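K.L.:
Chain by chain, the residues run as shown.
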Amino acid sequence: MSDRKLKIAHLYPEVLNLYGDRGNILCLKKRLEWRGIDCEVTEVKLGDNQSLSDFDIFFIGGGQDFEQEVLLNDLRSGKGDSIRSAVEGGKVFLCICGGYQMMGHYYQTKEGEKLPFLGVVDYHTIGGDVRMIGNYAFRLPAESGGSDVVGFENHSGRTYLGEGVTPLGTVLAGYGNNGEDKTEGVRYKNLFGSYSHGPILPKNPAFADHLIKTALKERYGSDELEALPDTYENEAHDYVLDKVLRGDMSGD
Amino acid sequence: MNGHNPVKTFFAVAACRLTRWGLRVAHRGGTTLPGRSALLFDKKILEVVSSGMEIIVVTGTNGKTTTCSMLRNALQESGVDPLSNISGANLLTGITAEFTALATLSGKPKKHFAIVECDEGALKKVVPLIHPKVIVVTNLFRDQLDRYGEVMHTLEEIRTGVGLVPDTTLCLNADCSLTSSLANGVPNKVFYYGIGPDAVDQKNTDESNDLSDAKYCINCGTEYEYDYHTYQHLGGFRCPKCGYKRAATNIEVSSINKISPKGSDITVRFQDENQDITIGLPALYNIYNGIAAIGAYEAAGWKRSDITQSLGKVASSFGRMETFTYNNVDIQMILVKNPAGCNQSLSYLSSMENDYVAVFCLNDKTADGHDISWIWDADFEKVANDKNCKKIYVSGTRATDIRLRLKYAGADESSISLVEDENELLKAMTSHSLPVFALPNYTSMLSLRAVVGAATGKKEFWKDQK
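So the sequences go chain by chain: A and B.
My numbering applies: residue 1 is where the first sequence begins, and numbers increase by one.
My numbering applies: residue 1 is where the second sequence begins, and numbers increase by one.
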């Protein structure tokens, strides 16, 4: 199986680069390399108009509000449509925080202004005064691998899923989508949206491998994947999980 | 200053002194409690006890403590002992404590000069009370994100503070597009410093990390063009659309003649002369701290030779390039708190020509920021793949996270050991007969510094001054 290869697109790395989320790309890359699977990472930046149809995994992170306008203009210039058809075509998407919000219909600011987003999935986000910050944990359902995910959330937007839209997981401790309904993130086809920084993948190797398997299955029809010695990953994961389940959200 | 009540002042000063004395008798280095007790009696006590003083305030993401220590050192060399706060006490309470403890019971300051390190978020509360002569802003990088949200938010906090003191001279890093934007539309006098285009060898500048905190023009959103970079987003920026660009500097480093682990030799261009100056601390970011300190001195109108001659003798400040010797092994402690500072320190380690041991300590307490995800934005690859790095230790509440980061950076898993207890860590890290570089974040530095300091006979931090 050593002739397998996955192509990863890192969307807007020059703008959406907050909170260490580029660690997700590094994590996917290393976990593929350690198994002898080739991996090619392409940065797709503002103004790049290449075809998105040949990528297997897309990653999109969060950025500063200040730079969002630049980004929305680029999405309107056609890239938004390519992203939409890649999602509909079953490509794997990992969308974090601002990148997650962007896949919904709109973001309504505190002042009531509606910023139209891509509307790939039926949900929207409302800006609030309270920032939801801290380590948190949520449980994935079986179709997303069934593991418990730990991460760090930091958002003032509250996201509400539309009727019948599936969340990525159920909050075990922390806020999640909106701090009200115990949902966290979204799962639509092979799009995985979450508020989790941390970054999400290195400390959650089961979830990282679930993404890899999903992408392998899409491209090769088989999701065979050799296990890795994940001692360091699991110890870091368990430390945060224990901490948040104990209710120790700070560190003091 | 009118309308201050002498009775309130008296109780505020007395309460502050008493609390501080109590803490010291109890051998505790508490820094906020004395300030809190003073504020209990008089919310504006700081305005009373700083009245008439000449004050330089230093703020910005990186370099505050070292720049302050350079300024303090210059005044001390010239025979003046200024008031100054210690790092870790740079919020309103800590600064209030320092000024109040050094005032008479009627609230009169006993000293004329002060060098104040101020947290970016606290600036707007502090400066309207102390009316500084100069505010130095060193730079803006992404920092303890869960405290401030984003770097733009921090910048706006500083802008609010600056807006409250129109008579203060701003001393700004011209190479930082975020910092120098503080001059936009304010009536303040502005003094710019920086590192000039000919000082940095572009072949050796560090552009491997393309994570810029300021890639797009703060005024119009267009991508900046650069004539040169020093590091991260610092350098000769200009916006091709609206024309916002690096300002003409009042003083700048015109050449860097030598960089060694002991320090740097530079040439500084003043408006009326060029001077060769030695900075007694290593690495490029200390050249920035040095030129910031010279800039502040010039902006305050203080005697130039005091600062230029003292920079060569400046000692490392608490946990920042501070050196120790334990069992004949040299230990250098380098505080790292964010990707920009961390990358500079990692570059410093990887520039070593001899073998060494690297130690990374990571806590996630409130003073550190609960979010430690920034470690994935720093280039640990520089050390993880450095053949001179023979052994790595990790410690701190989030030791497992830093260990994982190092694994993904390419470190051999067997080369990394996790040691929780600092006493054991000290023994282990010095057991290789190799020099040790310890890179802790804030609270892990305090605890490691306490253990290493005690083992090597160095003082506790609150005994460091006065």
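Among the clues, some could well be false.
Keeping only pairs whose Cα atoms sit at most 25 Å apart, straight-line, the calculated PhoX-like set for lysine-lysine is [as the list claims (entries may be wrong)]:
no., chain 1, residue 1, chain 2, residue 2
1, B, Lys43, B, Lys125
2, B, Lys407, A, Lys5
3, B, Lys365, B, Lys387
4, B, Lys390, A, Lys30
5, A, Lys7, A, Lys45
6, B, Lys241, B, Lys111
7, B, Lys108, B, Lys125
8, B, Lys390, B, Lys262
9, B, Lys303, B, Lys365
10, B, Lys44, B, Lys8
11, B, Lys303, A, Lys45
12, A, Lys213, B, Lys407
13, A, Lys30, B, Lys407
14, B, Lys337, B, Lys390
15, B, Lys390, B, Lys365
16, A, Lys30, B, Lys262
17, A, Lys45, B, Lys407
18, B, Lys407, B, Lys458
19, B, Lys337, B, Lys365
20, B, Lys124, B, Lys8
21, A, Lys7, B, Lys43
22, B, Lys111, B, Lys8
23, B, Lys407, A, Lys29
24, B, Lys387, A, Lys30
25, A, Lys29, B, Lys387
26, B, Lys337, B, Lys407
27, A, Lys45, B, Lys245
28, B, Lys365, B, Lys125
29, B, Lys189, B, Lys8
30, A, Lys243, B, Lys458
31, B, Lys245, B, Lys110
32, A, Lys243, B, Lys365
33, B, Lys262, B, Lys215
34, A, Lys189, A, Lys213
35, B, Lys303, B, Lys215
36, B, Lys8, A, Lys243
37, A, Lys30, A, Lys45
38, A, Lys29, A, Lys243
These aren't lab readings, by the way, just hints derived from the structure by calculation.
For clarity, every value in this text was computed on a predicted model and none was experimentally measured.
K.L.:
The structure should be examined with respect to each hint, and the outcome stated for every one.
P.N.:
Right, here's what the structure says about each hint:
1. Of the supplied pair hints, the one linking Lys43(B) and Lys125(B) holds, its CA atoms being roughly 11 Å apart against a limit of 25 Å.
2. The straight-line distance between the Cα atoms of Lys407(B) and Lys5(A) is roughly 23 Å, inside the 25 Å bound, and the hint therefore holds.
3. At roughly 33 Å between alpha-carbon atoms, Lys365(B) and Lys387(B) are farther apart than 25 Å, so this suggested pair is violated.
4. A hinted pair counts as satisfied when its Cα atoms are at most 25 Å apart, and Lys390(B) with Lys30(A) qualifies at roughly 23 Å.
5. Restraint check for Lys7(A) and Lys45(A): the C-alpha separation of about 16 Å stays at or below 25 Å, so the hint holds.
6. Simply put, Lys241(B) and Lys111(B) have alpha-carbon atoms about 49 Å apart, too far for the 25 Å limit, and the pair is violated.
7. In summary, the hint linking Lys108(B) to Lys125(B) is supported, as the alpha carbons are separated by about 21 Å, within the 25 Å threshold.
8. Between Lys390(B) and Lys262(B) the alpha-carbon distance is near 22 Å, which keeps this suggested pair within the 25 Å criterion.
9. Between Lys303(B) and Lys365(B) the alpha-carbon distance is near 41 Å, which puts this suggested pair outside the 25 Å criterion.
10. For the proposed pair Lys44(B) and Lys8(B), the alpha carbon gap of about 10 Å is at most 25 Å, so the pair holds.
11. Simply put, Lys303(B) and Lys45(A) have alpha-carbon atoms about 50 Å apart, too far for the 25 Å limit, and the pair is violated.
12. Restraint check: the Cα-Cα separation between Lys213(A) and Lys407(B) comes to about 22 Å, which is no more than 25 Å; the hinted pair holds.
13. Restraint check for Lys30(A) and Lys407(B): satisfied, since their Cα atoms lie roughly 10 Å apart, inside the 25 Å limit.
14. Pair hint Lys337(B) plus Lys390(B) holds up; C-alpha atoms about 24 Å apart against a cutoff of 25 Å.
15. Between Lys390(B) and Lys365(B), the direct Cα distance comes to roughly 30 Å. Violation of the 25 Å bound is thereby established for this hinted pair.
16. Between Lys30(A) and Lys262(B) the CA atoms are separated by roughly 38 Å; this puts the pair beyond 25 Å, and the hint is violated.
17. Taking the CA atoms of Lys45(A) and Lys407(B), the gap is about 28 Å. The hint is violated against a cut of 25 Å.
18. Distance hint between Lys407(B) and Lys458(B) is unfulfilled; the C-alpha atoms sit about 34 Å from each other, more than 25 Å.
19. A distance of roughly 12 Å separates the Cα atoms of Lys337(B) and Lys365(B); the hinted pair therefore holds under the 25 Å criterion.
20. Using a Cα cut-off of 25 Å, the hinted pair Lys124(B) and Lys8(B) holds, with the two alpha carbons roughly 23 Å apart.
21. Taking the CA atoms of Lys7(A) and Lys43(B), the gap is near 60 Å; set against the 25 Å cutoff, the hint is violated.
22. Between Lys111(B) and Lys8(B) the alpha-carbon distance is near 21 Å, which keeps this suggested pair within the 25 Å criterion.
23. Using a Cα cut-off of 25 Å, the hinted pair Lys407(B) and Lys29(A) holds, with the two alpha carbons roughly 13 Å apart.
24. Distance restraint check for Lys387(B) and Lys30(A): the Cα-Cα separation of roughly 20 Å lies within the 25 Å cut-off, and the hinted pair is therefore satisfied.
25. Between Lys29(A) and Lys387(B) the alpha-carbon distance is near 23 Å, which keeps this suggested pair within the 25 Å criterion.
26. A hinted pair counts as satisfied when its Cα atoms are at most 25 Å apart, and Lys337(B) with Lys407(B) qualifies at roughly 20 Å.
27. With a C-alpha separation of about 24 Å, the suggested pairing of Lys45(A) with Lys245(B) holds against the 25 Å cut-off.
28. For the proposed pair Lys365(B) and Lys125(B), the alpha carbon gap of about 24 Å is at most 25 Å, so the pair holds.
29. Of the supplied pair hints, the one linking Lys189(B) and Lys8(B) is violated, its CA atoms being roughly 35 Å apart against a limit of 25 Å.
30. Between Lys243(A) and Lys458(B) the CA atoms are separated by roughly 35 Å; this puts the pair beyond 25 Å, and the hint is violated.
31. Using a Cα cut-off of 25 Å, the hinted pair Lys245(B) and Lys110(B) is violated, with the two alpha carbons roughly 43 Å apart.
32. For the given pair, Lys243(A) sits about 13 Å from Lys365(B) by alpha-carbon distance, which is consistent with the 25 Å threshold.
33. Note on Lys262(B) and Lys215(B): the hinted pairing is violated, with a Cα-Cα distance of about 33 Å set against a maximum of 25 Å.
34. Restraint check for Lys189(A) and Lys213(A): the C-alpha separation of about 14 Å stays at or below 25 Å, so the hint holds.
35. Between the alpha carbons of Lys303(B) and Lys215(B) the distance comes to roughly 38 Å, so the proposed pair goes past 25 Å and is violated.
36. Proposed proximity of Lys8(B) and Lys243(A) is contradicted: the alpha carbons are some 45 Å apart, above 25 Å.
37. For the hint linking Lys30(A) to Lys45(A), the alpha-carbon distance of about 23 Å falls within 25 Å, and the restraint holds.
38. Distance check on the hinted pair: Lys29(A) and Lys243(A) sit about 29 Å apart at the alpha-carbon level, beyond 25 Å; violated.
Going down the numbered hints, you'll see the structure goes against 3, 6, 9, 11, 15, 16, 17, 18, 21, 29, 30, 31, 33, 35, 36, 38, while the others check out.
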